[in-house]
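Trainee: Sequence:
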Amino acid sequence: MTSIISRGAISPGVYTELSNEAYHADKALGSSGVKTYLDCPALFHAHYIDPHPEFTEQSKVAEMGTAAHLALLEPEKFHNEYLVLDDESVKKKTLKAWNEFKKVAKEEGKIPLLWEEYRQFCMMAEKIKQSPKAHALLLGSLKECSFFIKDEETGLILKSRPDIITTLSSYGTVMADYKTTGKSLDYFSQNRLAFDLDRDIQTSHHKNVTEKATKGIIDHVFHIIQSTKYPFLVRVIGMPPHELDIGLERAREGIRGIHNAMTTNQWPGYGDAIEWFDRPNWKINQLQEN
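To convert, note that position 106 of the sequence shown is 106 in UniProt numbering; the numbers rise steadily by one, no gaps.
To be clear, the hints were calculated from the coordinates, so they are not data collected in a lab.
Just so it is clear, CB atoms sit at the ideal spot from N, CA and C, and this is done for glycine as well.
Among the clues, some could well be false.
Claimed, not checked - Ranges of calculated distance between the beta carbons of each label pair, as one might list FRET restraints: (1) Ala25 - Lys110: 13 to 23 Å; (2) His242 - Glu153: 15 to 25 Å; (3) Ala25 - Glu153: 41 to 51 Å; (4) Leu95 - Leu139: 39 to 49 Å; (5) Lys102 - Glu152: 46 to 56 Å; (6) Glu152 - Lys283: 41 to 51 Å; (7) Phe195 - Lys229: 44 to 54 Å.
What the hints assert, rightly or not - With a cut-off of at most 27 Å between alpha-carbon atoms, the simulated BS3-like pairs for lysine-lysine come out as follows: (8) Lys183 - Lys212; (9) Lys35 - Lys110; (10) Lys35 - Lys143; (11) Lys143 - Lys215.
Please take these sequences and the hints and turn them into a complete structure.
Mentor: Now the structure itself:
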């Protein structure tokens with residue numbers, strides 16, 4: 001069991017040409033694994049040690065996010081991997097025509113994409129360019145670079161793949177990740193979403209692994225957040241140092257927990273006790289305001 005996170009073929013180092021597929025296929029421990037373990041050790045075991053792909057299909061939202069990500073950060077690869085359907089008769093998504101097109105795409109080793117979806121991704125990328133702050137971050141010197149290190153405390157191999165690393169005159173060396181969302185871009189919604197999704201853990205893990213792999217310092221971390229709804233608005237929100245410190249503490253808790261669980265082969269679930277719903281403070285405050 002102790003080899004499950006250290007048996008990856010990729011050695012510790014910095015990789016500028018590693019594909020996204022190869023990165024995710026490697027068994028090194030990334031932020032998603034850490035977050036999954038902190039949610040529930042049994043889920044980590046199911047997803048990373050004893051996976052059943054037939055039960056873990058990617059959702060449509062995740063697929064669209066992946067496509068938007070590729071279209072913005074790696075446009076050449078996007079055009080190589082996706083086959084766009086521009087036949088007017090199939091735009092209506094008639095089942096027969098769409099199935100025929102999917103067969104063609106599969107034969108060419110590509111992912112089928114409707115014309116309106118392709119147009120959306122193009123418009124989203126153009127909207128990013130119209131945002132001075134977001135566009136400045138996208139001009140980063142390193143995009144989709146992969147970092148691998150051996151954790152000194154546990155011996156596990158850790159990995160990170162931040163979207164962008166660049167230098168800005170006002171902020172020094174910065175790391176940025178591109179996020180898409182179907183929710184409102186207002187600050188309250190995005191602030192809550194960031195912590196609902198444990199982005200403090202993700203961001204601090206990426207920062208920590210990247211700094212150790214490069215022996216450098218990342219001064220600031222930003223999220224470029226874009227709505228998937230027209231007119232595809234954009235905003236940039238940073239993760240402050242004190243939240244990164246808390247996120248790193250939680251990430252370390254997860255890494256240690258995974259190491260111990262691999263040693264003992266103990267992967268508990270959520271437990272069998274009956275619990276009771278408890279209205280959260282933010283909902284109480286919301287009701288009082290109304």
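Trainee: Compare the structure with each hint and give your call.
Mentor: Checked hints:
1. Ala25 - Lys110: 13 to 23 Å: With a Cβ separation near 19 Å, Ala25 and Lys110 satisfy 13 to 23 Å, so the hint holds.
2. His242 - Glu153: 15 to 25 Å: Since His242 and Glu153 have Cβ atoms about 23 Å apart, the given range 15 to 25 Å holds.
3. Ala25 - Glu153: 41 to 51 Å: Violated: the Cβ-Cβ distance is about 25 Å, outside 41 to 51 Å.
4. Leu95 - Leu139: 39 to 49 Å: With a Cβ separation near 43 Å, Leu95 and Leu139 satisfy 39 to 49 Å, so the hint holds.
5. Lys102 - Glu152: 46 to 56 Å: 47 Å, holds
6. Glu152 - Lys283: 41 to 51 Å: Hint holds: Cβ distance 42 Å, inside 41 to 51 Å.
7. Phe195 - Lys229: 44 to 54 Å: Given about 22 Å between the Cβ atoms, the range is violated.
8. Lys183 - Lys212: 34 Å, violated
9. Lys35 - Lys110: 31 Å, violated
10. Lys35 - Lys143: 24 Å, holds
11. Lys143 - Lys215: Given pair Lys143, Lys215 holds - Cα atoms ~18 Å apart, limit 27 Å.
Violated hints, in rising order: 3, 7, 8 and 9; the structure is consistent with all others.
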